[in-house]
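Visitor: Heads up: the sequence lines are chains A and B, in that order. Letter 39 of the first sequence, counting from 1, is numbered 142 in my numbering, and no numbers are missing. Letter 57 of the second sequence, counting from 1, is numbered 1146 in my numbering, and no numbers are missing.
Since the hints were made in silico from the structure, they are not lab data. Glycine included, every Cβ here is placed at the ideal spot set by N, Cα and C. Treat the hints with caution; some may be incorrect.
Claimed, not checked - Chain A stretches covered by chain B per the calculated footprint, using a threshold of three residues with CB under 8 Å from any CB of chain B:
1) 131-145
2) 179-185
3) 204-217
Next come the chains, spelled out residue by residue.
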Amino acid sequence: KAGVTQTPRYLIKTRGQQVTLSCSPISGHRSVSWYQQTPGQGLQFLFEYFSETQRNKGNFPGRFSGRQFSNSRSEMNVSTLELGDSALYLCASGPSDQFSTEAFFGQGTRLTVV
Amino acid sequence: DQQVKQNSPSLSVQEGRISILNCDYTNSMFDYFLWYKKYPAEGPTFLISISSIKDKNEDGRFTVFLNKSAKHLSLHIVPSQPGDSAVYFCAAKQSYGQNFVFGPGTRLSVLP
């Protein structure tokens, strides 16, 4: 079974631009969540999508948004990039049950904002 | 306000000995706890989990203990192997959804 796939793996953007990251979950998983990892703040929850609906959201500004498609693939968008948005962005998928347990992570997208 | 804490940033252990990684949490609504291992430039890898209705869960060399009254959990690795050297994250969640709260991580070094 293929794991969680994130594209691209690396990205360099300029301040003020916007960026879209993509995540393909494990086949059959309907929950997709996004996390930001930085040296200072650690792993922080951004949002979770389940069956195309956002069902949980972390404490990030509105510049961070996401969506999920009918095939469970998800995209995350960051608009008006700031230097502080440089981070490893991780996507995780989980089984269909809303009370499911562990999440399985992709390798992440390393975003650098210059 | 850090809801999940791992107070030891790093830990060194001799190969073959026991590694004990600790985690404390403050939110009494958490009812599911997990440990992840992470290598540089990779996503976290799930290791083991425990529900709040249990106080111990074992999987091979890995055992997680939960003390709900103390809001404390620990991961025991026996015996430790050099390949276990990585950053270990403790994570917690409430039953609904997949919004995990992660601790800051503990870097484990297993010395040959």
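Visitor: Name the hints, by number, that the structure is in violation of.
Guide: Hint 2 is the one this structure does not satisfy, whereas the remaining hints hold.
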